[in-house]
Amino acid sequence: MSVMISIRSIAVLAFKNLSRKKVRTVLSITGIIIGVMLYGGMSYATSSLKTRVTDVIGFLQDAMLIQNKDSIAPVFSIVDLKIIDDIDMYFPDIVRDFSPQIWLLNSSQKQPTIVLGVYLSKEISMRTFLANLKVNGELPSDNSTGWIILGSAIAESFRKKGYDIGDNLTLLNLGQTRSLRIIGNFTTGTFYDWLVIISIYDAWKLSPNLEQESEVSVIEIRLRDPTYSDEIQSFLDSRYSGKYELVYNIEVAEMVGNTINTVDKFAMVIGLLALIIGSLGVANTMFINITERKQEIGILKATGWTNGEAALEILMEALIMGLIGSVIGAGLGYFATIFAVKIFSINMTIYFSAIVFINSISAGLITSTVAVLIPVWKVMTLVPIKAIRE
Amino acid sequence: MIVEAIDVHKVYLLGKTEIYALRGVNLSIDRGDFVCIMGPSGAGKSTLLHILGALDTPTKGTVKFMNEILNNKNDRFLARLRREKIGFIFQFFYLIPTLTAKENVMLPLIPIKPRWLERRAEELLELVGLKKRMSHKPKELSAGEQQRVAIARALINNPEVIIADEPTGNLDSDNGRQIIDILSRIVRDENKAVIIATHNMDVAKRTDRIVYLKDGAIVKVDELK
Ligand SMILES: Nc1ncnc2c1ncn2[C@@H]1O[C@H](COP(=O)(O)OP(=O)(O)OP(=O)(O)O)[C@@H](O)[C@H]1O
Ligand SMILES: [Mg+2]
Numbered sequence: 000m001s002v003m004i005s006i007r008s009i010a011v012l013a014f015k016n017l018s019r020k021k022v023r024t025v026l027s028i029t030g031i032i033i034g035v036m037l038y039g040g041m042s043y044a045t046s047s048l049k050t051r052v053t054d055v056i057g058f059l060q061d062a063m064l065i066q067n068k069d070s071i072a073p074v075f076s077i078v079d080l081k082i083i084d085d086i087d088m089y090f091p092d093i094v095r096d097f098s099p100q101i102w103l104l105n106s107s108q109k110q111p112t113i114v115l116g117v118y119l120s121k122e123i124s125m126r127t128f129l130a131n132l133k134v135n136g137e138l139p140s141d142n143s144t145g146w147i148i149l150g151s152a153i154a155e156s157f158r159k160k161g162y163d164i165g166d167n168l169t170l171l172n173l174g175q176t177r178s179l180r181i182i183g184n185f186t187t188g189t190f191y192d193w194l195v196i197i198s199i200y201d202a203w204k205l206s207p208n209l210e211q212e213s214e215v216s217v218i219e220i221r222l223r224d225p226t227y228s229d230e231i232q233s234f235l236d237s238r239y240s241g242k243y244e245l246v247y248n249i250e251v252a253e254m255v256g257n258t259i260n261t262v263d264k265f266a267m268v269i270g271l272l273a274l275i276i277g278s279l280g281v282a283n284t285m286f287i288n289i290t291e292r293k294q295e296i297g298i299l300k301a302t303g304w305t306n307g308e309a310a311l312e313i314l315m316e317a318l319i320m321g322l323i324g325s326v327i328g329a330g331l332g333y334f335a336t337i338f339a340v341k342i343f344s345i346n347m348t349i350y351f352s353a354i355v356f357i358n359s360i361s362a363g364l365i366t367s368t369v370a371v372l373i374p375v376w377k378v379m380t381l382v383p384i385k386a387i388r389e
Numbered sequence: 000m001i002v003e004a005i006d007v008h009k010v011y012l013l014g015k016t017e018i019y020a021l022r023g024v025n026l027s028i029d030r031g032d033f034v035c036i037m038g039p040s041g042a043g044k045s046t047l048l049h050i051l052g053a054l055d056t057p058t059k060g061t062v063k064f065m066n067e068i069l070n071n072k073n074d075r076f077l078a079r080l081r082r083e084k085i086g087f088i089f090q091f092f093y094l095i096p097t098l099t100a101k102e103n104v105m106l107p108l109i110p111i112k113p114r115w116l117e118r119r120a121e122e123l124l125e126l127v128g129l130k131k132r133m134s135h136k137p138k139e140l141s142a143g144e145q146q147r148v149a150i151a152r153a154l155i156n157n158p159e160v161i162i163a164d165e166p167t168g169n170l171d172s173d174n175g176r177q178i179i180d181i182l183s184r185i186v187r188d189e190n191k192a193v194i195i196a197t198h199n200m201d202v203a204k205r206t207d208r209i210v211y212l213k214d215g216a217i218v219k220v221d222e223l224k
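Residue numbers (numbering that gives the first Met the number 0), protein chains in the order written: chain A, 0 to 389; chain B, 0 to 224.
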């Protein structure tokens, strides 16, 4: 005759047994809460970071910059727009996008600012972030001028100086000034938040060093087939006698990616350590519990409980503590991360992730189970008459 | 025959010294038997009860439970046998303090929780005179009442045999008498076998057969019926 074990009634008994030593139980649960909270918090932080970085890498990956070979930064580079037609002619259908950009430094308002002048419709980076772009009214068309959009980080410091949406801001570069109306701002969670974006025509007016409407700082291109980059480089070398070079953003992307992976692993190790330390409380509590209840467990076995049933009851106690602690911890981990990001003014959006939430709970349950393995084994092998005679 | 011990020996090893707890015990317990094991401390009473109750195994000899030889049976088999056929009562009641009397009575069958479990627990508590104390916790009960809860717990599986190791050892004579009353009623009314170990002659006299144990061997048997 085989009988089904009533998991539910064993769980109910486990719960009642846990409530016998409330302080002890609550302390163990607190350990799990803290462990899972740190583990989950780390996961939330790194997963949000990864999401953000994946976005950044995503649009950097196949993007390349054509810039002056001897210029150390886009701000100092000068590139002829004619290149676009040249490349288009020699490599038809290879280049997916041309995005001419003027990079310059504004020095007005005692607020040095990096300014990016673009044809807005061609600005790939901006388009990627369009979802986060908040503009009062309509997005300006390519040849409209007089507008400026601020990255959220720079917008914050301008706001403190009294400049908000609707106000006019005067930019100054190489002796040229331009008064532009702030029409909106954007958040990307990346270095772009420190930029301001203006029309490429305004950028030309501010750049007397550039031939108007024919020279820009750099040209961002994207290739349909990235393996053509070497050929384009040779073409540029022969055609412009080594004046221009193709800068691969992919190297930057890879470097950022590797850094993130290292951070991720590091965070996981810290999270896991916290979790292990947290689960030591469960191990300790269950050790004390079974030691105190040795005779009782002996009686249960004497009255017919099998070794497995007795062990299951103990495992259940650990799982109940683990589950309560993990659910609370996983929830708190999310809010704690948001709180930490706010407190330390980290410019990062924390995304709630069901996967991280479930992962944290599983991690809490697994460590609680591992923590209780030795007590479970002890109960499994407990000899009832020995326990009763003690 | 419910339980039968045939030339049962039990030797404990304490370090290098061998302790002979039982030396060739022969004993048969049948339905309706109310048997008492008497003897001085260390005589081997508990050891014998544990072996008869499938809690322990003999070093030598054979134990038959309802004509099944128990030698070489595994833990799982023995646990199931205890669950289905045997009830234990101990000197110390070992009730779980946070559970009510009724919950304590149900405890042995909690893992399989049959449908009739609650009703039977209630009936048994009524049988031991604790109908009104069903939802009381052990600390709200006297020692005698706690032992009565333990008796109900031993009966929850409707066992063939009840094995009680000094069930009155922790009780005064009045309470002890009540316990023996209940046990003898179970033998009489339900035709069960009850085996108890005791030091107390007053208790022993209430049973049908007294088996005197000394140094692990039966020295005398008194039939009182
Ligand atoms: N686990 C053990 N290891 C070693 N010796 C043991 C063990 N259990 C019992 N003994 C010994 O076996 C002998 C019989 O013990 P047992 O408990 O059966 O006696 P008893 O008649 O029940 O005594 P009491 O009246 O004190 O309960 C004793 O000498 C005891 O010390
Ligand atoms: Mg004894």
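Source of the hints: derived by calculation from the structure; they are not laboratory data. Here a beta-carbon is modelled for each residue, glycine too, at the ideal position from N, C-alpha and C. Where hints are given, some of them may not hold.
Covered by chain A, per the in silico footprint, the following chain B stretches (three or more residues, Cβ under 8 Å) [to be verified]: (1) 138-148; (2) 151-161.
Cross-link-like lysine to any residue pairs, in silico, SDA-like; alpha carbons within 20 Å at most [to be verified]: (3) A/Lys385 with B/Pro137; (4) A/Lys109 with A/Lys15; (5) A/Lys21 with B/Lys72; (6) A/Lys159 with A/Ser344; (7) B/Lys72 with A/Glu308; (8) B/Lys84 with A/Met3; (9) A/Lys377 with A/Gln294; (10) A/Lys204 with A/Lys159; (11) A/Lys377 with B/Asn73; (12) A/Lys377 with B/Asp74; (13) B/Lys72 with B/Asp6; (14) A/Lys385 with B/Tyr11; (15) A/Lys293 with B/Lys84; (16) A/Lys49 with A/Thr186; (17) B/Lys112 with A/Glu295; (18) B/Lys138 with A/Lys49; (19) A/Lys109 with A/Asp192; (20) A/Lys385 with B/Lys138; (21) B/Lys112 with A/Arg51; (22) B/Lys84 with A/Arg51; (23) A/Lys341 with A/Arg51; (24) A/Lys15 with B/Leu98.
Just a sample of chain B residues kept apart from chain A, beta carbon distances all over 12 Å, derived [stated by the list, open to error]: (25) Val10; (26) Lys130; (27) Ala216.
Structure-based check of all given hints:
Counting residues of the segment 138-148 of chain B whose C-beta sits closer than 8 Å to any C-beta of chain A gives 0, which falls short of three, so the coverage hint is violated. Coverage of a stretch by a chain is defined here by at least three residues with a beta carbon nearer than 8 Å to that chain's beta carbons; for the segment 151-161 of chain B and chain A the count is 3, and the condition holds. Taking the CA atoms of A/Lys385 and B/Pro137, the gap is near 24 Å; set against the 20 Å cutoff, the hint is violated. A threshold of 20 Å between alpha carbons decides the hint, and for A/Lys109 with A/Lys15 the separation of about 68 Å lies outside it, so the pair is violated.
For the given pair, A/Lys21 sits about 40 Å from B/Lys72 by alpha-carbon distance, which is inconsistent with the 20 Å threshold. In summary, the hint linking A/Lys159 to A/Ser344 is supported, as the alpha carbons are separated by about 16 Å, within the 20 Å threshold. This hinted pair checks out: B/Lys72 and A/Glu308 have alpha carbons roughly 19 Å apart, not beyond 20 Å. The straight-line distance between the Cα atoms of B/Lys84 and A/Met3 is roughly 19 Å, inside the 20 Å bound, and the hint therefore holds.
Taking the CA atoms of A/Lys377 and A/Gln294, the gap is about 13 Å. The hint holds against a cut of 20 Å. With a C-alpha separation of about 28 Å, the suggested pair A/Lys204 and A/Lys159 falls outside the 20 Å cut-off, and the hint is violated. The suggested pairing of A/Lys377 with B/Asn73 holds, with an alpha-carbon distance near 18 Å, which does not exceed 20 Å. The hinted pair formed by A/Lys377 and B/Asp74 meets the criterion: a straight-line CA distance of about 15 Å does not exceed 20 Å.
Simply put, B/Lys72 and B/Asp6 have alpha-carbon atoms about 18 Å apart, close enough for the 20 Å limit, and the pair holds. Distance check on the hinted pair: A/Lys385 and B/Tyr11 sit about 12 Å apart at the alpha-carbon level, within 20 Å; holds. Between A/Lys293 and B/Lys84, the direct Cα distance comes to roughly 24 Å. Violation of the 20 Å bound is thereby established for this hinted pair. Proximity of A/Lys49 to A/Thr186 is assessed by CA-CA distance (about 17 Å); at most 20 Å being required, the pair is judged to hold.
Taking the CA atoms of B/Lys112 and A/Glu295, the gap is about 19 Å. The hint holds against a cut of 20 Å. Restraint check for B/Lys138 and A/Lys49: the C-alpha separation of about 58 Å exceeds 20 Å, so the hint is violated. With a CA separation close to 18 Å, the supplied pair A/Lys109 and A/Asp192 stays within the 20 Å bound. At roughly 26 Å between alpha-carbon atoms, A/Lys385 and B/Lys138 are farther apart than 20 Å, so this suggested pair is violated.
The suggested pairing of B/Lys112 with A/Arg51 is violated, with an alpha-carbon distance near 53 Å, which exceeds 20 Å. With a C-alpha separation of about 66 Å, the suggested pairing of B/Lys84 with A/Arg51 is violated against the 20 Å cut-off. With a C-alpha separation of about 17 Å, the suggested pair A/Lys341 and A/Arg51 falls inside the 20 Å cut-off, and the hint holds. Only pairs whose Cα atoms come within 20 Å are accepted, and A/Lys15 paired with B/Leu98 is accepted, the gap being roughly 8 Å.
Here B/Val10 stays apart from chain A, with its beta-carbon at least about 15 Å from theirs, past the 12 Å limit. The claim that B/Lys130 lies off the interface holds: its Cβ sits roughly 22 Å from the closest Cβ of chain A, which is beyond the 12 Å cut-off. Look at B/Ala216: its CB is around 21 Å from the nearest CB on chain A, clear of 12 Å, so calling it non-interface holds up.
Consistency with the previously given hints fails for numbers 1, 3, 4, 5, 10, 15, 18, 20, 21 and 22, ordered from lowest to highest.
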